[in-house]
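So you can see what is in the structure, the chains are spelled out below.
Number of protein chains: 2
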Amino acid sequence: MAGKKVLIVYAHQEPRSFNGSLKRVAVEELNRQGCAVTVSDLYAMDFEPRATRKDIAGVLCNPDFFRYGVEAYEACKKRSLTSDIIDEQKKVQEADLVIFQTCRGCMKTRFVHFPLYWFSVPAILKGWMDRVLCQGFAFDVPGFYDSGFLKDKLALLSLTTGGMAEMYTKTGVSGDFRYFLWPLQHGTLHFCGFKILAPQISFAPEIASEEERKEMVASWAQRLKTIWKEEPILCTPPWYFGQ
Amino acid sequence: MAGKKVLIVYAHQEPRSFNGSLKRVAVEELNRQGCAVTVSDLYAMDFEPRATRKDIAGVLCNPDFFRYGVEAYEACKKRSLTSDIIDEQKKVQEADLVIFQTCRGCMKTRFVHFPLYWFSVPAILKGWMDRVLCQGFAFDVPGFYDSGFLKDKLALLSLTTGGMAEMYTKTGVSGDFRYFLWPLQHGTLHFCGFKILAPQISFAPEIASEEERKEMVASWAQRLKTIWKEEPILCTPPWYFGQ
Chain A
172 MAGKKVLIVY AHQEPRSFNG SLKRVAVEEL NRQGCAVTVS DLYAMDFEPR ATRKDIAGVL
232 CNPDFFRYGV EAYEACKKRS LTSDIIDEQK KVQEADLVIF QTCRGCMKTR FVHFPLYWFS
292 VPAILKGWMD RVLCQGFAFD VPGFYDSGFL KDKLALLSLT TGGMAEMYTK TGVSGDFRYF
352 LWPLQHGTLH FCGFKILAPQ ISFAPEIASE EERKEMVASW AQRLKTIWKE EPILCTPPWY
412 FGQ
Chain B
172 MAGKKVLIVY AHQEPRSFNG SLKRVAVEEL NRQGCAVTVS DLYAMDFEPR ATRKDIAGVL
232 CNPDFFRYGV EAYEACKKRS LTSDIIDEQK KVQEADLVIF QTCRGCMKTR FVHFPLYWFS
292 VPAILKGWMD RVLCQGFAFD VPGFYDSGFL KDKLALLSLT TGGMAEMYTK TGVSGDFRYF
352 LWPLQHGTLH FCGFKILAPQ ISFAPEIASE EERKEMVASW AQRLKTIWKE EPILCTPPWY
412 FGQ
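So the protein lines, in turn, are chains A and B.
Residues 172 to 414 in the numbering used here are what the first sequence spells out, letter by letter.
Residues 172 to 414 in the numbering used here are what the second sequence spells out, letter by letter.
Chain A extracted, bound-state conformation (with noise of 0.2 Å):
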């Protein structure tokens, strides 16, 4: 799909991790069809998760009480938000796909998943959330979930996991695998509006045959040959519930 732009919002630290390796074929892949593909390396950018005062370029609404909402809320429509949230807001505006991609675990072990990242986004992306998907870019009122201002664009979480595919099932120790992408695409994602497709989860790349990596990463590179035909997944809490 020549033309089409992709925005990869990467968080590792290490870029000879399997998550690295990941985000090189998606660039690779997603090049040789013809999109323009930008990349967010959050830690190399060693990019700011702290939502404060500081996020505020000019002055302020009420500096005698500070409501970081309100205040990036008034500064976005002024265009005063400090510069780095701005760039990462470009980035995204201009994007058809926006990918994040990153690591929820890593091992110690040949035995047992660790979540490093708490059933979560390490607190780097978890931060690239909180202040650039700012109300006034992101969303309004009215205008989340269906009416998001993102509404036209797509967003595709590629997560490793530490633990096993197992573990990752209704009656398995950490629950089903759809219970923790609730926050992240139901309640952030589609909150803005974004299309969500179907996660690609690649379960314990660190205890896998070297091999069986390669087929991983395989496997997701062939995925991105045909993901703008894909349809996004129905977004509501049978997906992830199954009620």
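Take the hints with a grain of salt, since some may be wrong.
Any copy, or any two copies together, can satisfy a pair, since identical chains are not distinguished.
Each computed DSBU-like pair below joins lysine-lysine, with the alpha-carbon atoms no more than 35 Å apart [unchecked claim]:
#1 K400 - K249
#2 K248 - K341
#3 K400 - K225
#4 K322 - K248
#5 K385 - K225
#6 K385 - K248
#7 K341 - K366
Calculated from the structure, these hints are not laboratory results.
Starting from the structure of chain A, add chain B where the hints point.
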């Protein structure tokens, strides 16, 4: 309960906020009981949320391939984590009860909620969880969920929301509020062994009247009077998903 130790991990930028009031009355009430209360005021501390190699004060196990979880585990065993992590771990270690006091939303309208921190906690608090609750300190293998290292401690999430209670029901626009507690209470705190006390959720203080806000603060102070007699919740999927 004189002699009990409580750590309040507090994440709000504005001391005069409703969150600030909830924190203040908790300190007052617990002091009145003779408890020793410590507050980690994350924004005031400018707490670092990013998990990077700076967290390892000593020599890395593998400087050529950085795995955060592995390096943090080894550094924890050798007591060579960076000092801000060690300071927080000491506070957790000494506490009988850890209260997390934070805000999940901030309003810019009287009518609809804004999930400012995206169905989760702000990145600064997420980063506290990522970095402080590391393997070797909070859990190991064996040693997680009911046998997590912090199993003799209680934890309680005290959250304020932007949205009103009726939005956080199974049929409400944001789903049952318990859905978004799963990654925090179960995936994080229970994984480390904490017994979970029922969450204290103050719905939509920004659209409440001054009197209603005072009532919410008073009911939190009232609950704390008998907090040591409370039984933990049964922290399993039925509590969250009603199966």
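Verification of the supplied hints:
Proximity of K400 and K249 under a CA criterion of 35 Å is satisfied in neither setting, with 38 Å inside one chain copy and 51 Å between copies. Proximity of K248 and K341 under a CA criterion of 35 Å is satisfied inter-copy only: 34 Å between copies versus 44 Å inside one chain copy. Proximity of K400 and K225 under a CA criterion of 35 Å is satisfied in neither setting, with 42 Å inside one chain copy and 43 Å between copies. For a Cα distance limit of 35 Å, the shortest separation of K322 from K248 inside one copy, 19 Å, qualifies, whereas the shortest one across copies, 48 Å, does not.
Taking the closest pair of Cα atoms, K385 and K225 come within 35 Å of each other only across two copies (31 Å); inside a single copy the shortest separation is 43 Å, beyond that limit. For a Cα distance limit of 35 Å, the shortest separation of K385 from K248 across copies, 33 Å, qualifies, whereas the shortest one inside one copy, 46 Å, does not. Proximity of K341 and K366 under a CA criterion of 35 Å is satisfied in both settings, with 25 Å inside one chain copy and 22 Å between copies.
Comparing the model with each earlier hint shows violations of hints 1, 3; every other hint is respected.
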